[in-house]
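Chemist: So the protein lines, in turn, are chains A and B.
When we follow the numbering used here, the leftmost residue of the first sequence carries the number 114, and every step to the right adds one.
When we follow the numbering used here, the leftmost residue of the second sequence carries the number 114, and every step to the right adds one.
Accuracy of the hints is not assured; some may be wrong.
[As the list claims (entries may be wrong)] Only pairs whose alpha carbons sit at most 25 Å apart, straight line, appear in this in silico PhoX-like list of lysine-lysine:
hint: 1; chain 1: B; residue 1: Lys306; chain 2: B; residue 2: Lys263
hint: 2; chain 1: A; residue 1: Lys263; chain 2: A; residue 2: Lys306
hint: 3; chain 1: A; residue 1: Lys184; chain 2: B; residue 2: Lys192
hint: 4; chain 1: A; residue 1: Lys263; chain 2: B; residue 2: Lys300
hint: 5; chain 1: A; residue 1: Lys184; chain 2: B; residue 2: Lys306
hint: 6; chain 1: B; residue 1: Lys192; chain 2: A; residue 2: Lys192
hint: 7; chain 1: A; residue 1: Lys184; chain 2: B; residue 2: Lys300
hint: 8; chain 1: A; residue 1: Lys263; chain 2: A; residue 2: Lys300
hint: 9; chain 1: A; residue 1: Lys184; chain 2: B; residue 2: Lys184
hint: 10; chain 1: A; residue 1: Lys192; chain 2: B; residue 2: Lys263
hint: 11; chain 1: A; residue 1: Lys263; chain 2: B; residue 2: Lys192
hint: 12; chain 1: A; residue 1: Lys306; chain 2: B; residue 2: Lys192
hint: 13; chain 1: B; residue 1: Lys263; chain 2: B; residue 2: Lys300
hint: 14; chain 1: B; residue 1: Lys184; chain 2: A; residue 2: Lys306
hint: 15; chain 1: A; residue 1: Lys263; chain 2: B; residue 2: Lys306
[To be verified] Which bits of chain A does chain B cover? Going by a derived footprint, with three or more residues having C-beta under 8 Å, they are:
hint: 16; region: 255 to 265
hint: 17; region: 319 to 330
hint: 18; region: 347 to 358
If you're looking for bench data, these hints aren't it; they were derived computationally from the structure.
Here a beta-carbon is modelled for each residue, glycine too, at the ideal position from N, C-alpha and C.
2 protein chains.
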Amino acid sequence: MRIAVDVLGGDHAPRAILEGVAAALRDGGFRAEELLLVGPEEASRAVLREAGVDEVPPILHTDEFVGSDEKPVVALRQKPRASIALCVGAVRGGEADGLVSFGNTGATVAASTMGLGLLEGLRRPAIAVSMEGAAGRFVLLDAGANPTPKPLHLAQYAVMGAAHARDLLAHARPRVGLLNIGGEANKGGQALKEAYGMIEAAAEGYEFVGNVEGNEIFAGRADVFVCDGFVGNVVLKVVEGFAEYLVATAAEDGSEVSGALRRLLGAADFSEVGAAVLLGVRGVVLIGHGRSQANAVPPALRTVRAHLEAGVNRHIVRDLALGAEAGEGA
Amino acid sequence: MRIAVDVLGGDHAPRAILEGVAAALRDGGFRAEELLLVGPEEASRAVLREAGVDEVPPILHTDEFVGSDEKPVVALRQKPRASIALCVGAVRGGEADGLVSFGNTGATVAASTMGLGLLEGLRRPAIAVSMEGAAGRFVLLDAGANPTPKPLHLAQYAVMGAAHARDLLAHARPRVGLLNIGGEANKGGQALKEAYGMIEAAAEGYEFVGNVEGNEIFAGRADVFVCDGFVGNVVLKVVEGFAEYLVATAAEDGSEVSGALRRLLGAADFSEVGAAVLLGVRGVVLIGHGRSQANAVPPALRTVRAHLEAGVNRHIVRDLALGAEAGEGA
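Turn these sequences into a full structure, and let the hints steer you where they fit.
Modeler: Below is the structure:
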């Protein structure tokens, strides 16, 4: 098992990424040969040595990267040796099994989708984000890969999210909810109504709890929340911004920050627990928050390893096939 | 000035509503003749007396109401004397200038829209919710009146939200942002792109700051956040649910709840500060949270009075006309 690391992706790259890699190597969680660093060779080596790393992982050299404000597809075309493109190339070529990037999210999604292709039977990938709520950890998807999905896409998100929740969040039979603005089956636009029927019919390896409302996410009404990428992206960012606002005002008024808030934000670092996985591509792609510091790197690497070891992608392909049969039979 | 109060709307109605009315009367904020209670006459009188109210407001008697789980339009047809219908009738007939209801939101929106009609030049009403963020109080609309607005509807929400923010939240020239999943003008679906141009062209009495993302809401990037009713409803409820989750876990782990969180939730009562106003109808309609307790009633009444005294509706009509001219000239 080997994970490619985009050394040049993220607001604090390359230093924070490399320091995070050093921490992952030092604390014994990862061996050098389990990583493939993609970035400037000499500089990376120097930072790792400085951080006390004896055995430096293999490095695929490049100085190019896609900046956070660049248009993903244009930048990827202009920079064939952008670090994210080489990470994806390493996974495609079999030199790595998964990748971690804290860089431009759009570029990671575009490069991975085009470069790796989709799992058998799947129409669209989705960004899955896990957070903690009243019933333990849950997953919300799609957090932004596809703002306007068709009903079938939403139904396939349910299957992918359920596999993720079973394999990584220890929910043996995940409860899947469709995020909506009312509980009745006929709520929302046409796409949601159709998706409702498909998710209900396909229920393979999950329990469909129907429509759920926004206030039920952190209340733990389901383990998997399915929504379009526009709504999911807004929800994720609102929670992030609200949490940051609470921390800032707590600091001002001298009150303590609750454990839940601290856990959500990590060490002022949303991505530590809010790490996002691009589900549906052939490979495991972890999308970290651009603002991440070094402490976000080891958990990101552990998430990719857990995905690979659990075989989430294999389970998704199996469940999509079973769900499609169930849907046809319904 | 007189405000109709739906005594039978809300999970804790009628007692909590009446106790709240009593508090509003006792603390001197409101005189009896400024209110019109709509509900069971004798029972209401008894609760108010018991709560120490000497001069009981006029009461429009009814025992009928729309339950929180009823289908709004069906229920309104079957119950012509439902309390919310009589509240709306009182505003339409001039016996009241505004109304407050903590009942079925859909019924309040439907009854008000059909019964009162829309302000001149306006196409669709919107639910506006105010909350507090890093730059003071802001307003988000639409929080659920219309899940699939057209671009013109969104543009008109900007005008209404700006009038609300100027007159009630003391933002002399409110910054208006369009909630989106990226900052660039070409982000989002077709409706958002068109709305972007219209809000920019019409900018009358506000400053358009362009697209804003979810994390920028509580960060104070704008004073008015415009979005469709689906997204707005989900956002509002996610924030509510997340805040409640934080309070619950803070209680568990023994940590203090920050001042900001306390202010947001009121005394465990989201509606105290999250009170929603249905903007765009002829009259002032305040939609309180169904779970509200008595303490939510006085602030709700004060919000309606502030709206009426400021003449928000007059300003909306004026700005819609000016904005339409600017849009035509653009």
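Chemist: If a hint holds in the structure, say so; if it doesn't, say that too.
Modeler: Going down the list of hints, with the structure as the test:
1. Lys306/B x Lys263/B: holds (11 Å)
2. Lys263/A x Lys306/A: Within the cut-off at roughly 11 Å; holds.
3. Lys184/A x Lys192/B: violated (56 Å)
4. Lys263/A x Lys300/B: Distance of about 19 Å is within 25 Å: holds.
5. Lys184/A x Lys306/B: With Cα atoms ~18 Å apart, Lys184/A and Lys306/B stay inside 25 Å; holds.
6. Lys192/B x Lys192/A: violated (67 Å)
7. Lys184/A x Lys300/B: holds (12 Å)
8. Lys263/A x Lys300/A: holds (16 Å)
9. Lys184/A x Lys184/B: violated (46 Å)
10. Lys192/A x Lys263/B: violated (39 Å)
11. Lys263/A x Lys192/B: violated (39 Å)
12. Lys306/A x Lys192/B: violated (29 Å)
13. Lys263/B x Lys300/B: Holds, because 16 Å separates the two Cα atoms, which is no more than 25 Å.
14. Lys184/B x Lys306/A: holds (18 Å)
15. Lys263/A x Lys306/B: holds (20 Å)
16. 255 to 265: holds (count 3)
17. 319 to 330: Since three or more residues must qualify, the claim that chain B covers the region 319 to 330 of chain A holds, with 5 doing so at under 8 Å.
18. 347 to 358: holds (count 12)
Violated hints, listed in ascending order, are 3, 6, 9, 10, 11 and 12; each of the other numbered hints is respected by the structure.
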